[in-house]
Structure formats: structure tokens, C-alpha cells
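Undergrad: Now for the letters of each chain:
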Amino acid sequence: MLKKIINGWAKHQVAVTLVFLAFLILYPVLFHSYYLRNVAIQCLIYSLLSLALNLIMGYTGIVVLGMAAFYGIGAYALALLTTKLGISFLPAVALAVVITFCFGVLLALPTLRIQGNYLAIVTLGFCEIIRIVELNWVSLTNGPFGIKQIPAPDIFGIKSIFGLKLSKPEGKYYVVLILLVITVVILHNVLNSRSGRAWKSIKGDPIAARAMGINVFRYKVFAFAICAAIAGLAGAYYAAYTGYVDSTTFNYNQSILILSMTIMGGLGSIPGSIIGAIFFVILPEVLRWLGTFCGEWIVEWRQIIYGLILVIMIMFKSDGILGGFDLRQIHLYNKLVKEKEAEEKQNG
Amino acid sequence: MGETVREAVLHCENITQRFSGLVAVSDVSMDVYTNEIVGVIGPNGAGKTTLFNDITGIYKPTEGKVFFGGEDITGMACHKITAKGMTRTFQNIRLFNNMMAIDNVLVGLHTATKSGIAESMLHLGRHRREEKESLARAEEVLKLTDLYDYRYHYADSLPYGLQRRLEIARALACHPKLILLDEPAAGMNEQETTDLLQFIRKLKSMGNTIILIEHDMRLVMNLCDRIYVLDHGTRIAEGTPDEVRKNPQVITAYLGEEV
Numbered sequence: 006m007l008k009k010i011i012n013g014w015a016k017h018q019v020a021v022t023l024v025f026l027a028f029l030i031l032y033p034v035l036f037h038s039y040y041l042r043n044v045a046i047q048c049l050i051y052s053l054l055s056l057a058l059n060l061i062m063g064y065t066g067i068v069v070l071g072m073a074a075f076y077g078i079g080a081y082a083l084a085l086l087t088t089k090l091g092i093s094f095l096p097a098v099a100l101a102v103v104i105t106f107c108f109g110v111l112l113a114l115p116t117l118r119i120q121g122n123y124l125a126i127v128t129l130g131f132c133e134i135i136r137i138v139e140l141n142w143v144s145l146t147n148g149p150f151g152i153k154q155i156p157a158p159d160i161f162g163i164k165s166i167f168g169l170k171l172s173k174p175e176g177k178y179y180v181v182l183i184l185l186v187i188t189v190v191i192l193h194n195v196l197n198s199r200s201g202r203a204w205k206s207i208k209g210d211p212i213a214a215r216a217m218g219i220n221v222f223r224y225k226v227f228a229f230a231i232c233a234a235i236a237g238l239a240g241a242y243y244a245a246y247t248g249y250v251d252s253t254t255f256n257y258n259q260s261i262l263i264l265s266m267t268i269m270g271g272l273g274s275i276p277g278s279i280i281g282a283i284f285f286v287i288l289p290e291v292l293r294w295l296g297t298f299c300g301e302w303i304v305e306w307r308q309i310i311y312g313l314i315l316v317i318m319i320m321f322k323s324d325g326i327l328g329g330f331d332l333r334q335i336h337l338y339n340k341l342v343k344e345k346e347a348e349e350k351q352n353g
Numbered sequence: 031m032g033e034t035v036r037e038a039v040l041h042c043e044n045i046t047q048r049f050s051g052l053v054a055v056s057d058v059s060m061d062v063y064t065n066e067i068v069g070v071i072g073p074n075g076a077g078k079t080t081l082f083n084d085i086t087g088i089y090k091p092t093e094g095k096v097f098f099g100g101e102d103i104t105g106m107a108c109h110k111i112t113a114k115g116m117t118r119t120f121q122n123i124r125l126f127n128n129m130m131a132i133d134n135v136l137v138g139l140h141t142a143t144k145s146g147i148a149e150s151m152l153h154l155g156r157h158r159r160e161e162k163e164s165l166a167r168a169e170e171v172l173k174l175t176d177l178y179d180y181r182y183h184y185a186d187s188l189p190y191g192l193q194r195r196l197e198i199a200r201a202l203a204c205h206p207k208l209i210l211l212d213e214p215a216a217g218m219n220e221q222e223t224t225d226l227l228q229f230i231r232k233l234k235s236m237g238n239t240i241i242l243i244e245h246d247m248r249l250v251m252n253l254c255d256r257i258y259v260l261d262h263g264t265r266i267a268e269g270t271p272d273e274v275r276k277n278p279q280v281i282t283a284y285l286g287e288e289v
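Protein sequences appear in the order of chains C and W.
Per the working numbering, the first sequence starts with residue 6, numbered consecutively.
Per the working numbering, the second sequence starts with residue 31, numbered consecutively.
The set of hints was computed from the structure by calculation and includes no laboratory data.
One thing to keep in mind: the hints can contain errors.
Here are the simulated BS3-like cross-link-like pairs (lysine-lysine), alpha carbons at most 25 Å apart as the crow flies [to be verified]:
hint	chain 1	residue 1	chain 2	residue 2
1	C	Lys345	W	Lys173
2	C	Lys89	C	Lys350
3	C	Lys9	C	Lys322
4	C	Lys340	W	Lys207
5	C	Lys345	W	Lys162
6	W	Lys234	W	Lys173
7	W	Lys173	C	Lys350
8	W	Lys234	W	Lys114
9	C	Lys89	C	Lys340
10	C	Lys153	C	Lys173
11	C	Lys89	C	Lys164
12	C	Lys89	C	Lys9
13	W	Lys162	C	Lys343
14	C	Lys89	C	Lys322
15	C	Lys343	W	Lys173
16	C	Lys350	C	Lys16
17	W	Lys234	W	Lys207
18	W	Lys114	W	Lys276
19	W	Lys173	C	Lys340
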């Protein structure tokens, strides 16, 4: 099936890309409801988080169970920078990304010597530590009351462009869409480069990677830090988007949700991560909507339906919906087709 | 080889490797000169692969020194040794199965390129130039190893013989000064071994220097300029294939009663 998707996409590459982009850009025009716009924003935020996890898990092969920690650090960083220091949105986002990057390095340096499941548990512990610090450092984080009145996104004080208010859902939608597009482009570039191949080779065989001259530890640290930075970006945006952060948002369940998105969508696939995120954001909404037709039971059974879908998924396609599917494969497919055509022309 | 004194590409001095009580390699010295094929043979458990791991930096030798191109590389990190121009293949194939054949070769070019993560993220000049050069070199190597038609196949989807060859291609990509092949003919049939023999000859004619661990005597005796024989971690003989073949110690230790 995956092959069919690639072939179909490759044949109509321009059309597919245009339709896809047009849909993303026109979404707030097509859907006016406050609710649908916010659901879309949630999809995009989780796409960022799922992409971040995919970089470290799907490409580098390190399981991280504490994504919510970096998400939370990014959110608190932006909240504090904007409310306490009065820094405006864009520089605050940049700083939040740098801060989470540093946290990523700090966590990676001592812990990456540990392997496999043990490391996963360490990240889980880190997530709890961060949550408890957020909850108890009252003088800084305001403890359980959270930080309120975080200003909405703006661009160096400009609050609306072309009549588009950045404090309204449609404005916020475009802000996160641009952040996501930039992230996807950067990730796509780096994953198809020397560094990206180094990460993939570490997942494939760390000993062979070392023998090929790759500084495995250094690349792992960078994968970790970049993963943290992207999660921090998502967190920073989230804080500005809701205008309020507290520690309950960034708990263990959040980490597992992000993990499910990445695995379900497809390890080692950028489009996979986005599809996984959309799937898990929309699923409860769809179930709620179904509940209005076939009774409340379906909403109550939600968690069980989640579990069933995951089990079925892992049984039949353990690397996710689009596991291993890379945008580059489309490019290669077209290249091969062109070469074949040229060959046929030569022969006849 | 003439009267001229050649400088050794690789010079191992009294290497000993102990794993707590077990002495895997004991006091082994060896020299490898430019454009030579040197064989390392010995019965199972003789310490051949351990010696390879000591040379390539996967292990740090307990005693002794390794010089590569005149430089002391004893105990240097594995990836740094590779960057100096020493590459290897593995006894049990270690390809990157999550990557295509061409990407496997491109990983082999890691040390030949320099662009960093930030440059790649932003698609800057050096990154683009290096990508282009790497791709050209990878395709060249794949053509040389007759793997070009398989370049977009995932490594684990290739037949066994081709996987072995892809591993050599990966080791060959960065124009190494020394290639270590760990049992390249393991599990190959007659025909594949003959192909491999010709292929390694071709590598030599292109100026490569090769160390070879091998059990296939036909391959070793036909290919190698010199052979080192290990048994129970110690070097019991050294010389040309003919000398080694006639060495009584080797015959009892390894080759059996009759060769």
C-alpha cells in the first residue's frame, strides 16, 4: 500500500503539493468555527512534538519517554520571558528554543552513556522532576496557580497583518503553520544530509557507525538537543496560544500521547509524524461527535478504543502508518522513471 | 619488492589483549606495506578479529602499540582512526539495514566531508557542494562494485553476496589508506568466492592496501603477498603463502596433516 501512495504521489507531485498547501493555507477561510480552528492548531502543535520525537526515536533509534518535559520547559520559558521580562513573542520563542536546546544537552551528556530501556526510564524520570519543579518552585512558576495572561503572538509588537488579528484563532493558526513549515523544511534538509545519515546509521548499527568514522556520542547529543529544541518551540507557541500555563499540562500522559503519535504515524517519516498527530487529536473529537448519534457509550469507551487501535496497529504494521516513508523517495522515484524513459529512447 | 626500504602503512608492536583472565591476543607484531595484501589466518578463536578490533580502535590493546602511517594510534577512538584513513568490514555483516545501498556508501564518506548540522539545516553552500561530490563518488563506487542497479534498494533486501560487496563498497568510498576485510568470503559459494577473489585483485591493482582475515584457503593462498598465522592468540608464523604452507608449525596447528 505504501508503494501505491509513493507512486501516486510521485506521478502527481505538483498537483498533490499544491492541493495540500492550498488546503493548509485556506483552512481558516474554509472553516469559520472557533472550535474547528482550535482543533487545527492542536494538530499543528502536536505535529511539532511528534516530529521532535521522531527525530530521536525514528531516525536515531533512542526511545525517549519524557517529551513533555521539554514541551513544558519551552512553555514556561516563554511564559516567564514575556510576563516577567516583557520580551516580545518572536525573540522569546527564539530564547525558549535555545533554553530547551541547552536542557537537551544537559540531560544528554550524563545520560546517553546509558543504553536502551534504561535511558527511556531516565527520560521518564526527568519528565517527572521537571513537572515537580514547575509545581513547587512557587516564586518562579507561581506553583499550582500557573502563569496567567501570557500575551498572544505578535511580530515585534505588530498585532495584526492585513487585517488578520494574531490574537484570534485564525491568526494563531498561521503563526503555528509557519513554525511547522520552517521546522519541516529544516528537518528535511538535515535528515538528507551527512548528519542525517549519521543519525540513521546510529539507529542501523552503532558499531558500524563508529567504524565509519562517526562520533556516535556527539551525534546522539545533537539529536537529543535538537529534539528538545523543537519540543521547546512547540511549548513556547502553546504558552502564547493558550495564554496560560500550569504544570498539569506537561505530565506523563502527554509524553505517552506524543509517543503514540510518533509510533502510529510512522517511525522515520516526516509526513508520518504529522498524520499521527492529526489522528490522535481528531480521534477523541470524532468519537465525541459520534456520541451525539449513537449514544454516550462511545465517548465513555474512548480509552478502550484508543488501546484497541494501538494494539491492532502494532500487530499488523508495527512501524506505523507511513513507517520509513520519506519525501526523498518521491524524488528518487521520479528520477528513476526519467532515467528509464531516457534509456528507452536510446534503445528504440 | 626490490631493495628500497618501504615505510609500513601499519605497524603493530607487541600487541596483547586480555579480557580479565583470558588472553585473546598475546604479543603479536605485524607490518603492512603500501599496496600489499596481507592475510591473517588461524583456527577459530585464534584472536584474529580481536586483533582487528585492537587495530581499528574498537578495543584498546592491553599492551603494545599500533602505528598507522607512522603515527601512534594506540587507544585512539574508533571514529578518529577511521578519519585517518583506515576502514573495515565485519565478520557478521553490519550494514545499515534502515538505509538504501547508496546511503550506506554515503555514510562511508562521512569522514571525507565536513559540513555540520547547522549548514545542512540551512542548505548552505559547502553542504550542497559536498552532497554533490559525495553522491558522485558513491555512484562511482557502486559502479565499481557492480551494485549500481541496486543503489535504491534497502541494504537488507539485497542477496547475501551483494551485502558483502556493499560492505566493501562502503569501506572503499573514502579512498582509505588501509582496508581491513574480516572474512569477506564467509558463507559464499564457489562462484561468489571466485568473483570476490577477482574483485580484491582489482582493488589491489587500483593501489589499495588490504589486510584480510579469511578461512577460505584458496582465497588466501591466491591473493595474499604475505600471511600471518595466529594460534591461541600468538603469532606462530609469518611469510609468503608458500613459506606458510610449508611451515610445520602451521601445518600442525591449523592446516591439518595434509595441504
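Undergrad: Taking the hints in turn, state whether each one holds.
TA: Hints, one by one, checked against the model:
Among the hinted pairs, lysine 345 of chain C with lysine 173 of chain W is consistent with the structure: their alpha-carbon atoms are about 17 Å apart, no more than 25 Å. A C-alpha spacing of about 68 Å is found between lysine 89 of chain C and lysine 350 of chain C, which places the hinted pair above 25 Å, so the restraint is violated. In summary, the hint linking lysine 9 of chain C to lysine 322 of chain C is supported, as the alpha carbons are separated by about 16 Å, within the 25 Å threshold. Using a Cα cut-off of 25 Å, the hinted pair lysine 340 of chain C and lysine 207 of chain W is violated, with the two alpha carbons roughly 34 Å apart.
As the CA atoms of lysine 345 of chain C and lysine 162 of chain W are separated by approximately 22 Å, the hinted pair is consistent with the 25 Å bound. Distance hint between lysine 234 of chain W and lysine 173 of chain W is fulfilled; the C-alpha atoms sit about 17 Å from each other, no more than 25 Å. Between lysine 173 of chain W and lysine 350 of chain C, the direct Cα distance comes to roughly 22 Å. Compliance with the 25 Å bound is thereby established for this hinted pair. Using a Cα cut-off of 25 Å, the hinted pair lysine 234 of chain W and lysine 114 of chain W holds, with the two alpha carbons roughly 20 Å apart.
As the CA atoms of lysine 89 of chain C and lysine 340 of chain C are separated by approximately 54 Å, the hinted pair breaks the 25 Å bound. A C-alpha spacing of about 17 Å is found between lysine 153 of chain C and lysine 173 of chain C, which places the hinted pair at or below 25 Å, so the restraint holds. For the suggested pair lysine 89 of chain C and lysine 164 of chain C, the alpha carbons sit about 20 Å apart, so the restraint of at most 25 Å is met. With a C-alpha separation of about 53 Å, the suggested pair lysine 89 of chain C and lysine 9 of chain C falls outside the 25 Å cut-off, and the hint is violated.
Under the criterion of a C-alpha separation no larger than 25 Å, the hint pairing lysine 162 of chain W with lysine 343 of chain C is consistent with the structure, at around 19 Å. With a C-alpha separation of about 48 Å, the suggested pairing of lysine 89 of chain C with lysine 322 of chain C is violated against the 25 Å cut-off. As the CA atoms of lysine 343 of chain C and lysine 173 of chain W are separated by approximately 19 Å, the hinted pair is consistent with the 25 Å bound. In summary, the hint linking lysine 350 of chain C to lysine 16 of chain C is supported, as the alpha carbons are separated by about 20 Å, within the 25 Å threshold.
Using a Cα cut-off of 25 Å, the hinted pair lysine 234 of chain W and lysine 207 of chain W holds, with the two alpha carbons roughly 12 Å apart. The straight-line distance between the Cα atoms of lysine 114 of chain W and lysine 276 of chain W is roughly 37 Å, outside the 25 Å bound, and the hint therefore fails. A distance of roughly 18 Å separates the Cα atoms of lysine 173 of chain W and lysine 340 of chain C; the hinted pair therefore holds under the 25 Å criterion.
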